[in-house]
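K.L.:
Numbering (UniProt numbering), first residue to last: 1 to 181.
It should be emphasised that the hints constitute simulated quantities derived from the structure, not laboratory data. A hint or two may mislead.
Unchecked claim - Here are the simulated DSSO-like pairs of lysine-lysine, each with C-alpha atoms no more than 30 Å apart in a straight line:
#, residue 1, residue 2
1, Lys147, Lys25
2, Lys142, Lys25
3, Lys173, Lys80
4, Lys37, Lys25
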Amino acid sequence: QTIALASSTSGGVIAFFTNPFLVIKTKQQIMTWSFRKALLDTIRPTPGKSRSIYVGFAPHFVMESLGRGVYVSAYEFFKKQIANNQGRVSCTTQERMLCAGLSGFLTCSLCFPLDSLRSRLIASSLSGQIVDPISMARTMAKEGGHKAFFRGFGVTALRAGPVAATVLPVYDKTLEWLNSQ
1 QTIALASSTS
11 GGVIAFFTNP
21 FLVIKTKQQI
31 MTWSFRKALL
41 DTIRPTPGKS
51 RSIYVGFAPH
61 FVMESLGRGV
71 YVSAYEFFKK
81 QIANNQGRVS
91 CTTQERMLCA
101 GLSGFLTCSL
111 CFPLDSLRSR
121 LIASSLSGQI
131 VDPISMARTM
141 AKEGGHKAFF
151 RGFGVTALRA
161 GPVAATVLPV
171 YDKTLEWLNS
181 Q
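Please construct the entire structure, taking both the sequences and the accompanying hints into account.
P.N.:
Structure representation (structure tokens):
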């Protein structure tokens, strides 16, 4: 419970700082603009168009806070279950990699629809329209059903598992080493 709260809080806090960069990055990707042009388009008001550095913030905030909470909590839960089932205090590196990969895939599966929604909200802002997340979700569902929320999921999931399987065990091992010094 403490782990979930701490990791969710950290995700929620960083969402306030990362959302503006995400908006700029997405504009660069969609419009093939330079950083400068995307930055100015995001922060400079344009007559007749709504601009916001926080477009897509609601799904981004939920993704970051809930996502990090699930990610770290699931990792710790899986490690504890395996260690307990094996009658040990901790897991092997390979078991940690498995736990991390599973937690990464689980988190990706839960958060990906929000990622798709966030991307569509940012893309819609390019035409000057700011759409609320609920309306955009309805539009996406009407246009493509549940598939609209999972386009690109396969490649993202293929990336999420291996990245998590590397990052979290390296974090664990580094922390253990530092604590033993």
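K.L.:
Checking against the hints above, which ones are violated?
P.N.:
none
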